[in-house]
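Asker: Residue strings, one per chain:
There are 2 protein chains.
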Amino acid sequence: MTIPFASLGRQLLKDNLDALLFSTSETLTSTNLKFVTGFTGSDASVVLTRSEGHLFTDGRYKTQARLESPLLAVHVVRSRVDALCRFLRRSGLRRIGVESSRLSYEFVTTLTSRVPELHLVPLRRQVLENLRIRKSQEEKLLIKKAAAVASEACAEIVGAGIQGKKECEVAAELESLFRRHGAEGIAFETIVAAGERSALPHASPSERVIGHGELVIIDFGCRVRGYHSDETITCITGKPTDEQKRIHQTVYAAHNKALEAARVGMKVRELDRVARQTIEAAGLGRFFLHGLGHGVGLEIHEPPRLSPRGTGVLREGMVFTIEPGVYVEGFGGVRLESLVFLTETGPEILSEMPKELISVG
Amino acid sequence: MTIPFASLGRQLLKDNLDALLFSTSETLTSTNLKFVTGFTGSDASVVLTRSEGHLFTDGRYKTQARLESPLLAVHVVRSRVDALCRFLRRSGLRRIGVESSRLSYEFVTTLTSRVPELHLVPLRRQVLENLRIRKSQEEKLLIKKAAAVASEACAEIVGAGIQGKKECEVAAELESLFRRHGAEGIAFETIVAAGERSALPHASPSERVIGHGELVIIDFGCRVRGYHSDETITCITGKPTDEQKRIHQTVYAAHNKALEAARVGMKVRELDRVARQTIEAAGLGRFFLHGLGHGVGLEIHEPPRLSPRGTGVLREGMVFTIEPGVYVEGFGGVRLESLVFLTETGPEILSEMPKELISVG
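Top to bottom, those sequences are chains A and B.
One rule links them: number in the numbering used here = place in the first sequence (from 1) + 335.
One rule links them: number in the numbering used here = place in the second sequence (from 1) + 335.
Bound-form chain A, shown alone (with noise of 0.2 Å):
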């Protein structure tokens, strides 16, 4: 990983700030902590200044701090907080930027209340999206890998039959296909949502029996060096009814103008729209509950974020989802999803599934 040192430092002189403070924990992760100082671990506060770095972490992580971050100063202490307080008491550091959607208010009232002198700066989102919006090809191999790996497991269970079994015991065999295939983990919890539980469009697989003549959508993606994949499929068991083909059909229209929409320069909002559009003509668009996409990397959902309210372009080497959903309450749902990377061509698909409504067993 390289460090985006450089582009921090600009930062620090564009805003007039002092230093950077990155915080991570077990329930308030910070990415950018991660992708910034290579450190893996679940708690540790960072501050960079102009000339240094210094990680505060406790115990579990003293050996595995100083292997991941060799260029960081590693702090190993009993109470993060106290220490970081210390710290910054003493190194006269005053305007320091901040994530602040990445630290809790808590974490904030604390360090303001013992060192009253702080002034910690929210740094501008946009800053903080672009270290990691645009994926580098090292990057984009990782993601393509995951996306291979979870294509090729879904492909596996998709094929042995589904029906008759448990929507949680085809996730678990899916979950499972991927570590057997080189992933590291799951990228998020696989949905696997059958008959009218298709409407739910981020069920929990159930005990449900997926029975015949259902839609079934499965929602899954894998890990691979810290890197996600997400991608989405939906199946019929058995033969689909003239509705059941309309709302496939029309979500793969929504699909596919998507993919041959998507270009360098265009305003995340307007692909949206090209989806949207597609299903509203068919008078379904009150059905299409969420987004078109989202951005996809070292984290499951981040930027861009493709829906009618985002904002900005899209831009050469970002990674992101096509995933227009059709949702009827008691009656199911279709969602279809791609992971594609972005070139000055238009979208390199990543994700290897066929999106036609695939009928199985």
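There's no promise every hint is true.
One copy or any two copies: either way a pair holds, since identical chains are not told apart in the list.
Restricting the straight-line Cα-Cα distance to at most 27 Å, the calculated cross-link-like pairs of lysine-lysine (DSS-like) are [stated by the list, open to error]:
| id | residue 1 | residue 2 |
| --- | --- | --- |
| 1 | Lys-592 | Lys-475 |
| 2 | Lys-501 | Lys-574 |
| 3 | Lys-397 | Lys-580 |
| 4 | Lys-349 | Lys-480 |
| 5 | Lys-580 | Lys-500 |
| 6 | Lys-349 | Lys-580 |
| 7 | Lys-369 | Lys-397 |
| 8 | Lys-475 | Lys-397 |
| 9 | Lys-602 | Lys-580 |
| 10 | Lys-501 | Lys-369 |
| 11 | Lys-501 | Lys-475 |
| 12 | Lys-501 | Lys-397 |
| 13 | Lys-580 | Lys-592 |
| 14 | Lys-480 | Lys-574 |
| 15 | Lys-500 | Lys-349 |
| 16 | Lys-475 | Lys-369 |
Hints listed in this document are in silico derivations from the structure and should not be mistaken for laboratory results.
Put chain B on the given structure of chain A with help from the hints.
Answerer: For chain B alone, kept in the frame of chain A given last:
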């Protein structure tokens, strides 16, 4: 799940609050929101007054929110923070109790800048902890079930031999057995750390092949209906050297003494002391790099915190780990962890693997 409205209501009165606010997001999860409302989705804010409850979420959770939280008024909105601000402005609610460790600094500053008349009052930690710190019989049974599934899976893996396998392979096999035996997922990323890597208390499983004569720490757990288990064993591939044996015996003695000593009414730091003294007496005190244990429930790490700086006393119905460890950089480590439920007559051990030094192939 019973909604502990009664205890929350008392809290409202006691602190002269108009309402309580809980918020959960993908990056900052409020387990208390889930516990209090039953809602299991990833994004929601909840406002509870003396007489009513409001849940704000987005379209993905429209149906699910109504199913899981039938007692709350569900508001399906595009922008949760916009809707929440509008609601709070109109509602006339002013003094609002919040979980300050589970709200981001950004979220709080957004609310207070848009609704300046709001007064957000951090709820005392004690009150929030008491919501979940003593487990009901139903909760205990779910944790016991998770512990049994995980122990059984571990016994199979260890019985089949681990020498010659990669650390990450062993972790993958173990995790896939959890699912096959009825778990809904892992409790945390399984740790398998062999040889000198066993000296890293929180190592991620690597590509390293497990050799002969190596200490191997396996720290594992799974989830059943949201409740976690947590257990650690240490194996030796082949025969232990005298030094490996001595370290294990010291940790084993500390583990057993703590199990024997744990009693209702005892200070948590006293129990830590019992184990720590045993390890110090063997001259290994400086290698015991963490606290003795932690509570386990809907979260893998929750109160009580058993450490030299922990506060409070052990109470009936608490579920926690006892997990002393010794980590010698460049040599290796031993950690032994049991999960217990505290009864009036002492701890009931929920985890099932033996804690002797396990000799494996």
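Asker: Indicate, hint by hint, whether the structure satisfies it.
Answerer: Here is how each hint holds up against the structure:
1. Lys-592 x Lys-475: within (23 Å within a copy, 51 Å between copies)
2. Lys-501 x Lys-574: Within one copy only: 20 Å inside a chain, 44 Å across chains, cut-off 27 Å.
3. Lys-397 x Lys-580: For Lys-397 and Lys-580, the Cα distance is within 27 Å only across copies (24 Å; inside one copy 57 Å).
4. Lys-349 x Lys-480: neither (38 Å within a copy, 55 Å between copies)
5. Lys-580 x Lys-500: Answer is within: at 23 Å inside a copy they meet the 27 Å cutoff, but 47 Å across does not.
6. Lys-349 x Lys-580: neither (55 Å within a copy, 58 Å between copies)
7. Lys-369 x Lys-397: within (16 Å within a copy, 34 Å between copies)
8. Lys-475 x Lys-397: neither (31 Å within a copy, 34 Å between copies)
9. Lys-602 x Lys-580: neither (31 Å within a copy, 64 Å between copies)
10. Lys-501 x Lys-369: Between. Shortest inter-copy distance 25 Å satisfies the 27 Å Cα cut-off; intra-copy 37 Å does not.
11. Lys-501 x Lys-475: Cα proximity of Lys-501 and Lys-475: across copies only (26 Å, versus 34 Å in one copy).
12. Lys-501 x Lys-397: Close across copies (24 Å), not inside one copy (44 Å); limit 27 Å.
13. Lys-580 x Lys-592: within (18 Å within a copy, 65 Å between copies)
14. Lys-480 x Lys-574: neither (33 Å within a copy, 40 Å between copies)
15. Lys-500 x Lys-349: For Lys-500 and Lys-349, neither the intra-copy (58 Å) nor the inter-copy (51 Å) Cα distance is at most 27 Å.
16. Lys-475 x Lys-369: Within one copy, since 18 Å is at most 27 Å while 36 Å is not.
Checked against the numbered hints given earlier, the structure breaks hints 4, 6, 8, 9, 14 and 15 and satisfies all the rest.
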